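Those protein sequence lines, which keep their order, are chains A, B and C.
Here the working numbering is used: the first sequence runs in plain steps of one and ends on residue 500.
Here the working numbering is used: the second sequence runs in plain steps of one and ends on residue 1022.
Here the working numbering is used: the third sequence runs in plain steps of one and ends on residue 203.
Be aware that a few hints might be false.
[Said to hold, decoys possible] DSS-like cross-link-like pairs, simulated, lysine-lysine; straight-line CA separation at most 27 Å: (1) 165/A / 835/B; (2) 905/B / 27/A; (3) 835/B / 197/C; (4) 808/B / 734/B; (5) 203/A / 945/B; (6) 633/B / 188/C.
I should point out that these hints are in silico values taken from the structure, not numbers from a laboratory.
None of these values were measured; they are calculated from a predicted model.
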Amino acid sequence: MFPYLSFMTFFPLAGALLIALTPKGKDNLVRWIALLTTLPLLVAAVKIFCLFDRSLSTMQFVEGPYPWISTFNIEYFMGIDGLSVSMILLTALVSTVAVLASWGIQKSVKSYFALLLLLFSGMFGVFSALDFFLFYVFWEVMLLPMYFLIGIWGGPRREYAAIKFFLYTLLGSVLMLLVMLSFYFYSEGHTFNLLLLADQAKQLGPFTSTAFRHACWLGLFICFAIKVPVFPFHTWLPDAHVEAPTAISVILAAVLLKMGVYGIMRICFPLFPDASIYFSGMIAALGMINIVYGALCAMAQKDFKKLIAYSSVSHMGFCLLGMSSMTAEGFNGTVLQMFNHGTITAMLFLLVGVVYDRAHHREINGFGGMATIMPRYSAITTFAFFAALGLPGLSGFVSEVLCFMGGFKNYPIYTIISVSGVVLTAAYMLWAFQRVFLGAVNEKYKDFDDINMREVVTLVPFMIIVLIAGVYPKIALDLFNSTMTALSHAMGTLPVAGL
Amino acid sequence: MKQDLIYFLPELIVSITVLFLFLLDCFIGKRSRRIFPVIAFIGIAAMMLANKSSSPLPSARFFSDMMVFDHVSVLFKYIFGLAGLIAIVIANGSHELEKVDKANYFTLLTALVLGMMLLANAHHFLMIYLSLEMVSLLSYILTGSLQGSRRSSEASLKYVIYGGVASGIMAYGISILYGLTGSMTLTGVAEFLRMNAVSKTALYTSVLMIMAGFGFKVASVPFHMWCPDVYEGAPTPFTAFLSVGPKAAGFAVLLRFFFGALSQTTTSGIEPIKIIGLPALLGGLSIATMTLGNLAALQQKSMKRLLAYSSIAHAGYMLLALVALNAEAVTGVIFYLSVYLLMNLGAFLVLIIVGDQLGSEDISVFQGLSKRGPFAALLSIVMTVFMFSLTGIPPMAGFIGKFYLFGSVIKSGHYTLAVIGMLNSVVSLYYYIRVVKIMYFDEPVDGRNLTTPMVSHASTVFALALLTIYLGLFWNGLANIVGQAKLF
Amino acid sequence: MILLSHYIVVSAILFSIGVIGVLCRRNALVIFMSVEIMLNAANLAFIAFAREHGGMEGQTIAFFVMALAAAEVAVGLGIIMAVFKKQGTIDLAKINFLKG
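Same shape as in the complex, but just chain A:
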């Protein structure tokens, strides 16, 4: 069988090398190479979408395990199940869009696109690796291009934002490294194979001490929580988002944040079922805090991009609330929310990018009456805003409801408080909309061009997906339902209902 996963992981790397070899000054050639590198990824993603067997909960498209470092039993082992396939599809789509959205980059184009493609390699690698060590390597490899992409092409405070992002993530990943090493030394047969480790975890795993299991779980959780980001580890996110160029913000919000949740569900849950259940109340509480706190922060923002950054914090809270239930419903809600948030926030960041490219600022109060100046732009924005605030019929609604349904069974109070977040979301979204698009026309911006064709092309796929997933969510749910059901069985049920 064609090695789809390896192809998707290493093809961008080949593209990056090709770009590095192109002669200086051929910026357009570089842009086209980048686009032509991502299009096959999209094709492969569509192919995976068609070939993926929805009835199976096990790994598919498996490659390996091939020995890589035999001294340490490290293997090259790739494969995807329902959880990863949704992320792979999202990543492929976002990658292509990110290349299109970067078309306007003028500063050292060659390095920019080479780093961007390197970043894609890391992203696909993280979502398909089934060996803990391999996962870790991809996880870290992603950091390097991201640091440069924010630090060189970002806004005025880019250096601060880039180092903050790097330090936070590295802090998390060293904790993951410690847990990974503990797994290696204590597991039966000394392995990094995540599937084998999950099997061993069913009989309480390699660690006999409960306290130690809990400590390891917390280490991993902090690592992933930084990426999600979960309150109180979220402070890097607004900085990184605000300073990053549009395409990087899109990737950051749509894919990188998902890696946190993905990591929790791929590693924390199957490897520590009992500890996960023990801490599920904490996850739910953190989810609630994320939802409400993120929404309140978003409401206080004057910067358009920062508002969306905080809305991401809020929306990722739904994922936490959903997964805390340990039920198939909640898990389905979490994965769907990840996917939906990816598409919707990508749209929002692209839309902010559109107006920023024209006005060169993002003050929400600095606009006004944009609806009359840029009618098409405001129509698309209306659509995206309504998707973000969870209007029934659009995708955000379905996943939020699923998350609430999951969470309500065990943590009714947390869930009820969280529901207020939906109201807050509607409030800040509509308020921002009113300030930017309605009201008196700002004379300065009277002769702005409406959204152009390239920008529309980047947005339309997301709009279609949001609409389809909103009206007919089964098409997405089918992808991961069986995997999530199996995971919830593996986790067992929550013993007592909490708050």
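Since chain A is already given, all that's left is putting chains B and C on it; use the hints.
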């Protein structure tokens, strides 16, 4: 005796090279000084070949128990040889060493390699003391080799004073240990300690005092004070060697001392003797060393001082593995030293190339380096590789080194130490990445472009960078070689 | 009757004098002399222990330590001369060109 000489062949080759170089110095005129680095290079390369041919021999002690031959000593000889070869390449053609007498410099450098080899072989405390002093004395002289330079002579004065004190304390420590056990060999001490009860205080005092000598060589707290000054004052090509060669030799003797004299083999493997709390001692030293190194490195303006403090921090990481005192610790330290050699020499070589052309050794010399022409752009990528590797980020070899070190700590169950060590490596990111940051994010202060340096420098720096990445991805080969490491 | 402990006490006193000299004096030459005292304290202990254990090893090492001490002084004095020529002082408190 004849059998002994087979074990001693690599040392013999280097000894002959050194003597030959000394004699040559008397007979050859000032003009043909260029032959010295060539001969030194050939001598050390021949040593490595001899070392390879001797590696299948079984472990043995020779010269009436003065020295020991085992796989660890073979591995260390490779490390020293490689460090020596690269140091010769770096020194040959450096602007800084233009006025230094080439004959002296390369002869003493070769002799220094010999001293390190003897140190890695030493089994008798007399041998340890002698070879440690040999390494030290030659280091003092080479540090001060820039005649007429105030920095260089001051650095060597500080070095010789700290070194003298450390060796005095160590000699006294050895005398106490001798008094306690009546034995001067490492295994003899271990045997005595296994059979007999000794005074805990006296043993602890003597171990602490002996650690002064070793700690001075590896630059661990509290004997690290010389390190920043000496690194800054010494000629940069020698600083580069100093940061990897003698440090590795120090770790060789540390491994021998702790595994030879102060541990015992039980059914579950090697473990430290129980009389004194070695893990607590080493753990404390290691945490203090790495934390001090990392925190002090944050505030440095000079690149050489930054690398000095970073080398202190790295000594701390390696000491952390010694806490474990298990078989993984030996392989971990040797693996780390091998990759540290590559990445640290690489970082110094970049500094030498840039510093020679732009005339400064401050961190600010790297400002906007990536925009100083095509060669500088490549060099910035190379430097980025070294900096990230020193931080320990995959896919660079430095990460695998950390993976080994922390693996051995985790295996021995010292989780708190592992967490502190990991947090330290996060702190270190901040100063390493500052170099990367100013190379890429800042603008150069002037319009000077970097020209391509001599071929040997350029090819060495690229080879080191490629190796650093290659060993980060495919380290099975090195892992297999290092994995055979067995002491005694 | 002079016992082993007498030798050890003398050597410990000598060593302490050396350490105090190193810590309190700022003149490079005096520090060197203090280091010599430390090494001689070690020598005394080596010889005393050698007599106690009845082997030759301790006595041999004493000779080597002496030789090495001489070598160290030779190198050290050379370096002190170089510094004195450059800076006009061998007071360590005043030699502070290198600092971070």
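Checked hints:
1. Using a Cα cut-off of 27 Å, the hinted pair residue 165/A and residue 835/B holds, with the two alpha carbons roughly 22 Å apart.
2. A threshold of 27 Å between alpha carbons decides the hint, and for residue 905/B with residue 27/A the separation of about 18 Å falls inside it, so the pair holds.
3. The straight-line distance between the Cα atoms of residue 835/B and residue 197/C is roughly 22 Å, inside the 27 Å bound, and the hint therefore holds.
4. For the suggested pair residue 808/B and residue 734/B, the alpha carbons sit about 10 Å apart, so the restraint of at most 27 Å is met.
5. In summary, the hint linking residue 203/A to residue 945/B is supported, as the alpha carbons are separated by about 23 Å, within the 27 Å threshold.
6. A hinted pair counts as satisfied when its Cα atoms are at most 27 Å apart, and residue 633/B with residue 188/C qualifies at roughly 18 Å.
Every hint, counting from the list given before, is met by this structure.
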